[in-house]
Amino acid sequence: MMSPILDINDLYLSFSTEEGELEAINGLNLEVEQGKIHGLIGETGCGKSVTGRTVLGLFDSNTMIKGGEILYNGDDLLSKTQHELQRDYRGNEIAMIFQDPGSSLNPVFKIEDQLDEVLRIYQPGKKAERRKKMIAALNAVKLPDPERLLKKYPHQLSGGMKQRVMIALNLACQPSLLIADEPTTALDVSIQAQFINVLKELQKEIDITILYITHDMAVVSEICDQVSVMYAGRIVEDVSMEDLFNKPVHPYSKLLVSSVLGPETNIDNLVEISGSVPRLINPPPGCRFHPRCEHMKPECKEEPPVLKEVAPGHQVACFKEDLS
Amino acid sequence: MNSTEVILQADKIQKIFPSKEGDVRAVDGVNLDLISGEVFGLVGESGCGKSTLSRLLLRLLDSSGGSIKFKGEDITGFDKKQLKMLRRQMSLVFQDPHTSLNPRMTIYDNLARPFKVHNLAEGREEITVEIVRLLKSMGLQAEHMIRYPHELSGGQKQRVVVARALAVDPEVVFLDEPTSALDVSVQAKILKLLAKIKDEKDLTYFFISHDINLIRVISDRIGVMYLGRMVEQGDVAGMFKEPMHPYTRGLFSSVPEPTPARKLDSVLMGEVPSPVNPPSGCHFHPRCPEKMAICEQESPVFNYRQGRKVACHLYNLD
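Going line by line, the protein sequences match chains H and A. With my numbering, letter number 318 in the first sequence gets 768, and the count goes up by one each step, no holes. With my numbering, letter number 239 in the second sequence gets 275, and the count goes up by one each step, no holes.
These are computed hints drawn from the structure, not numbers from a lab. We put the CB at the ideal spot given by N, CA and C, even for glycine. Wrong hints could be hidden among the right ones.
To be verified - With a cut-off of at most 30 Å between alpha-carbon atoms, the simulated DSSO-like pairs for lysine-lysine come out as follows:
1) 582(H) with 516(H)
2) 592(H) with 486(H)
3) 232(A) with 704(H)
4) 560(H) with 56(A)
5) 602(H) with 232(A)
6) 560(H) with 650(H)
7) 697(H) with 234(A)
8) 277(A) with 228(A)
9) 228(A) with 704(H)
10) 327(A) with 650(H)
11) 582(H) with 601(H)
12) 277(A) with 704(H)
13) 650(H) with 277(A)
14) 277(A) with 697(H)
15) 327(A) with 592(H)
16) 601(H) with 56(A)
17) 234(A) with 107(A)
As the list claims (entries may be wrong) - Per label pair, the in silico range of CB-to-CB distance:
18) 101(A) with 469(H): 54 to 60 Å
19) 509(H) with 139(A): 24 to 30 Å
20) 735(H) with 114(A): 57 to 63 Å
21) 534(H) with 58(A): 51 to 57 Å
22) 532(H) with 119(A): 56 to 62 Å
23) 462(H) with 158(A): 53 to 59 Å
24) 552(H) with 101(A): 29 to 35 Å
25) 312(A) with 552(H): 16 to 22 Å
26) 235(A) with 741(H): 30 to 36 Å
27) 716(H) with 82(A): 25 to 31 Å
28) 343(A) with 735(H): 42 to 48 Å
29) 469(H) with 40(A): 37 to 43 Å
30) 124(A) with 772(H): 53 to 59 Å
Make the full structure from the sequences, and use the hints.
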C-alpha cells in the first residue's frame, strides 16, 4: 500500500466557550491516500469542517489543540508556525474550497485580480507567465471564454461559474491536496452534476488528492473512492464507497445509508433516525453514539471503541461482536 | 385522493417585474389546477420562478395578468379584508426555520400571533390551550412554549414554523423548501410528520423543492418549471418512469443517486439564461439536445398525452 498523503493520528481539539470546553474532535484518526477522492461524511455538528480547517491551521482564537499529529507527506503540520504553514503549505501544497462560492470571492475585484493575487503570493513570476497560468486554470475547469471571464466581477457570474472559479483559484498553484468543504451545497442539481463531472475529470488529469467533506450521501456515491464516516468528533468507519452502500458495518453508517432517499423510497418506508448529534460540551462517555444506538452494550458507555480492520481497506470502531 | 375537486386554479397567470435592463417575466402564463387533498410538487432550477408562482397563488404578490380561483371564486381582485380571510385558508412554511421565527419572542408569542391576528382564541388561557395542542401534534412538549427560538434545534424550529402555519386551520399549505436547511435524519422526521398531518386534517400541499428525490417521495403529482413557464405536469410514477420534456429528462438525470454503480452521464448542460432577455420560442432551446428549427420561432403549447401535459414541439408533431 502507498503511504498516505495525509495521516491524522489521535487528534484532540477543543473550543473554549462560555459554557465550558467543547470537545469538537476527540481522538480522530484519518488516512487519505495519494490520488484518491476521499469523502468525509456525517451530520451537521460532527466536526467535519473543523477537521478540514485544522489541516490548514485555520483556527479561531478559542481553539485548543489537545494532542495528536497531522502528518502531510510525513511532516507534522501541527508543529509548524502559522508563518511556515503560509510559506510552505497553503496554496502550493494544500488548498481549500468552501461551501458558499458567493461569499468566497471578493465582490469588488475582477476575477483576473483575484487569480493574480494568488499567483503573485505563491508563484511569483512575470506577468505574461502568470496570465498563461490563469488561462490554463480556467480552461482546466471547463469555463468557456477565459479571456473575457478574467475581466468580469463575481456578481456577473452564476453560482456554478463562481464555484468553478474557486477551483481554478485553488488549482492555479498546482497543490497536491485539495480540501473541498461542501462545495455543491449551494448549487442546483444540474450545476452540481456539471461541477462533479469537472472535478472528477480534473482529478484524473492532474492526479490531485481530494478530501471531500459533505453530508450528501448521494454526492458521495457519485464522486468518492474511499469514505470516512464521522460522528461527534471521531471516525467511526473507514470504508470504500461501494462497501459503504452495500455493506456498512457501524450502526451510524447503516443509519446514514438507510436515510438516503432513493427511487424506491416512499413516505411509508422512509427511515427516521432518532435523536441528534449530542452537544459536545458534555458529550456522552465511551462511544459517543451509544445513546442513539440500538446495539448498545454496557461497555459502550465506558471506553470509546478504536478503529479495527474488518477487511482490507475497511475499518470500524464499534464493540458489536459481529462486525459485518 | 378520493375526490378530484379543484381547490386552487391558476389561469394564464403572469408576473412581470420591471427592472433597469427590461421586464423580467418571472412567471409567464402558467396554468395550474391544484386538486383537493393532493401533494403537488414543483421542481426546477433556481431562478425558474417557483417561489414567485407560489407567492402569486397565495396572493402575497399581485399578478400582472391571468386569474386565480380558490374553490371556484376569483381571488385575483380580493381586497385587504377578503385577503385576511384567505390567509386562514391558505398558509405558508418558509425555507429557513432559523429566520422564520422572531428571535426576540418566545415560542409562545411566536405561535400566539396567528390566534390574535385572526381572533381565533381569546385570552391567554384559551390561546395557551391551543398552543399546547399544536405543539403536541408536532411532537413537541408544552414546555417548549417558554423557550426562545435559539434554544431549539433546527428540526424543532421547523416544527414550530409548521405549527404556526397550521394554527389557522388552513385547507392549503404551501411549503417552500421546508427541509433544505435540515440534516437528512431530521428531514425524514419532518416529512413523516407532514404526511401524517395532511391525512389527519385532509390538507392540500403545494410543495416546492429543488431536491428531486424528496419531491418524488412526498408528491402525488409534479410540475416542472423552466424560466417562468410550466413545461411538464403529470403524476409522480409516470413522470419518473418516462419524463417526456427534454428539460425534465435532463433535470432528473442530473440527480445523484445513492447507487454506487450508476454515474452521472447525460447531465443538463449550461445554465438557466437570464429572464430579462429569454431565448425566443421555447425558452429551453439553447440547452436542448433535441432542438429543431421550429423551437427557435414558436413557443410550444401544453399538449395532453395520457394524463400528462407537456409543452414541447417534439410532441406536437403528430
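Hints, verified against the model:
no.: 1; hint: 582(H) with 516(H); result: 44 Å, violated
no.: 2; hint: 592(H) with 486(H); result: 21 Å, holds
no.: 3; hint: 232(A) with 704(H); result: 26 Å, holds
no.: 4; hint: 560(H) with 56(A); result: 23 Å, holds
no.: 5; hint: 602(H) with 232(A); result: 50 Å, violated
no.: 6; hint: 560(H) with 650(H); result: 27 Å, holds
no.: 7; hint: 697(H) with 234(A); result: 36 Å, violated
no.: 8; hint: 277(A) with 228(A); result: 24 Å, holds
no.: 9; hint: 228(A) with 704(H); result: 20 Å, holds
no.: 10; hint: 327(A) with 650(H); result: 29 Å, holds
no.: 11; hint: 582(H) with 601(H); result: 15 Å, holds
no.: 12; hint: 277(A) with 704(H); result: 28 Å, holds
no.: 13; hint: 650(H) with 277(A); result: 29 Å, holds
no.: 14; hint: 277(A) with 697(H); result: 28 Å, holds
no.: 15; hint: 327(A) with 592(H); result: 23 Å, holds
no.: 16; hint: 601(H) with 56(A); result: 23 Å, holds
no.: 17; hint: 234(A) with 107(A); result: 19 Å, holds
no.: 18; hint: 101(A) with 469(H): 54 to 60 Å; result: 56 Å, holds
no.: 19; hint: 509(H) with 139(A): 24 to 30 Å; result: 29 Å, holds
no.: 20; hint: 735(H) with 114(A): 57 to 63 Å; result: 60 Å, holds
no.: 21; hint: 534(H) with 58(A): 51 to 57 Å; result: 54 Å, holds
no.: 22; hint: 532(H) with 119(A): 56 to 62 Å; result: 58 Å, holds
no.: 23; hint: 462(H) with 158(A): 53 to 59 Å; result: 57 Å, holds
no.: 24; hint: 552(H) with 101(A): 29 to 35 Å; result: 33 Å, holds
no.: 25; hint: 312(A) with 552(H): 16 to 22 Å; result: 20 Å, holds
no.: 26; hint: 235(A) with 741(H): 30 to 36 Å; result: 31 Å, holds
no.: 27; hint: 716(H) with 82(A): 25 to 31 Å; result: 27 Å, holds
no.: 28; hint: 343(A) with 735(H): 42 to 48 Å; result: 58 Å, violated
no.: 29; hint: 469(H) with 40(A): 37 to 43 Å; result: 56 Å, violated
no.: 30; hint: 124(A) with 772(H): 53 to 59 Å; result: 56 Å, holds
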